[in-house]
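Chemist: Listed below are the residues making up each chain.
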Amino acid sequence: AQSVTQPDIHITVSEGASLELRCNYSYGATPYLFWYVQSPGQGLQLLLKYFSGDTLVQGIKGFEAEFKRSQSSFNLRKPSVHWSDAAEYFCAVGGLSQGGSEKLVFGKGTKLTVNP
Amino acid sequence: NAGVMQNPRHLVRRRGQEARLRCSPMKGHSHVYWYRQLPEEGLKFMVYLQKENIIDESGMPKERFSAEFPKEGPSILRIQQVVRGDSAAYFCASSLDNTDTQYFGPGTRLTVL
Chain Y
6 AQSVTQPDIH ITVSEGASLE LRCNYSYGAT PYLFWYVQSP GQGLQLLLKY
56 FSGDTLVQGI KGFEAEFKRS QSSFNLRKPS VHWSDAAEYF CAVGGLSQGG
106 SEKLVFGKGT KLTVNP
Chain W
477 NAGVMQNPRH LVRRRGQEAR LRCSPMKGHS HVYWYRQLPE EGLKFMVYLQ
527 KENIIDESGM PKERFSAEFP KEGPSILRIQ QVVRGDSAAY FCASSLDNTD
577 TQYFGPGTRL TVL
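As given, the protein sequences belong to chains Y and W, one line each in that order. Here our numbering is used: position 22 in the first sequence is 27, and no number is missing along the way. Here our numbering is used: position 9 in the second sequence is 485, and no number is missing along the way.
Accuracy of the hints is not assured; some may be wrong.
Per the computed footprint, the stretches of chain W lying under chain Y, defined by three or more beta-carbons under 8 Å from a beta-carbon of chain Y, are [unchecked claim]:
# : stretch
1 : 510 to 523
2 : 578 to 584
Listed below are the simulated DMTMM-like cross-link pairs for lysine to aspartate or glutamate, each with C-alpha atoms no more than 25 Å apart in a straight line [as the list claims (entries may be wrong)]:
#  : chain 1 : residue 1 : chain 2 : residue 2
3  : Y       : K54       : W       : D532
4  : Y       : K116      : Y       : D13
5  : Y       : K113      : W       : E494
6  : Y       : K113      : Y       : E71
7  : Y       : K116      : Y       : E20
8  : W       : K520      : Y       : E20
9  : Y       : K116      : W       : D562
10 : Y       : K116      : W       : E517
11 : W       : K527      : W       : E494
Here are the computed distance ranges between Cβ atoms for each label pair [to be verified]:
#  : chain 1 : residue 1 : chain 2 : residue 2 : range
12 : W       : L514      : Y       : T60       : 27 to 35 Å
13 : W       : L589      : Y       : H87       : 35 to 43 Å
14 : Y       : K116      : W       : T587      : 16 to 24 Å
Think of the hints as simulated: they come from the structure by calculation, not from any bench. Glycine included, each C-beta is placed from N, C-alpha and C at the ideal position.
Based on the sequences and whatever the hints tell you, model everything.
Modeler: So this is what it looks like as structure tokens:
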């Protein structure tokens, strides 16, 4: 069965510091991988996605993620965090399952706090 | 191009009442997914629909919950005889096809008193 683990429930960084959010997945085939961001009381916004090809993926707002098949990981990074990046971040895995349903399986999220 | 629309944004129901949540997908999208987010949890898949068809309902509770996506109009998630445990945020997502990125709506926050 598909699963996603985000080991860090809560991370605090200072503004301007670098950031790495961890994501490990379990999936039987080549996965589709996603990072979404959710601000309080809001919906989910897609940051970036990996379907195939280059394993380093660039997203919006200066984020990037690297797919490492050998480690079953898809960690999210940003070189310099801004106060507006404070939010909850969700990693998700999807792919064509039986019947063609590309339902997403989400991790439990990592809440990011940014100190001034 | 409007994004995924959901209404109402907030819904309060008393135990035993019915809740109807509506989702209008992005223009041109014919695939709709419903997810539920419980407090302090990630999103959990409930159901996947195409126009007039339920493709995958493996995440739907067996009783009280139903979903439809008619030929005309929005997709509806219906919860009958709500209980306190149904309190959650319900998100709808849409995509062009089953290999495309899912785009999420703002969610409906259901509170059951």
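Chemist: It remains to establish, for every hint, whether it holds in the given structure.
Modeler: Quick rundown of the hints versus the structure:
Under the rule that three or more residues need a Cβ within less than 8 Å of chain Y, the assignment of the stretch 510 to 523 of chain W holds, with 7 such residues. Chain Y is given as covering the stretch 578 to 584 of chain W, and this holds because 6 residues of the stretch bring a CB closer than 8 Å to a CB of that chain, at least three being needed. As the CA atoms of K54 (chain Y) and D532 (chain W) are separated by approximately 23 Å, the hinted pair is consistent with the 25 Å bound. Distance restraint check for K116 (chain Y) and D13 (chain Y): the Cα-Cα separation of roughly 8 Å lies within the 25 Å cut-off, and the hinted pair is therefore satisfied.
Between K113 (chain Y) and E494 (chain W) the CA atoms are separated by roughly 28 Å; this puts the pair beyond 25 Å, and the hint is violated. Taking the CA atoms of K113 (chain Y) and E71 (chain Y), the gap is near 20 Å; set against the 25 Å cutoff, the hint holds. Distance restraint check for K116 (chain Y) and E20 (chain Y): the Cα-Cα separation of roughly 15 Å lies within the 25 Å cut-off, and the hinted pair is therefore satisfied. Between the alpha carbons of K520 (chain W) and E20 (chain Y) the distance comes to roughly 32 Å, so the proposed pair goes past 25 Å and is violated.
The suggested pairing of K116 (chain Y) with D562 (chain W) holds, with an alpha-carbon distance near 24 Å, which does not exceed 25 Å. A threshold of 25 Å between alpha carbons decides the hint, and for K116 (chain Y) with E517 (chain W) the separation of about 11 Å falls inside it, so the pair holds. Distance restraint check for K527 (chain W) and E494 (chain W): the Cα-Cα separation of roughly 24 Å lies within the 25 Å cut-off, and the hinted pair is therefore satisfied. Hint check: L514 (chain W) to T60 (chain Y), Cβ distance near 33 Å, so the stated range 27 to 35 Å holds.
Range check, L589 (chain W) to H87 (chain Y): Cβ separation about 39 Å, and the 35 to 43 Å hint holds. Restraint check, K116 (chain Y) to T587 (chain W): a C-beta distance of roughly 22 Å satisfies the suggested window 16 to 24 Å.
Hints 5, 8, counting from the list given before, are not met by this structure.
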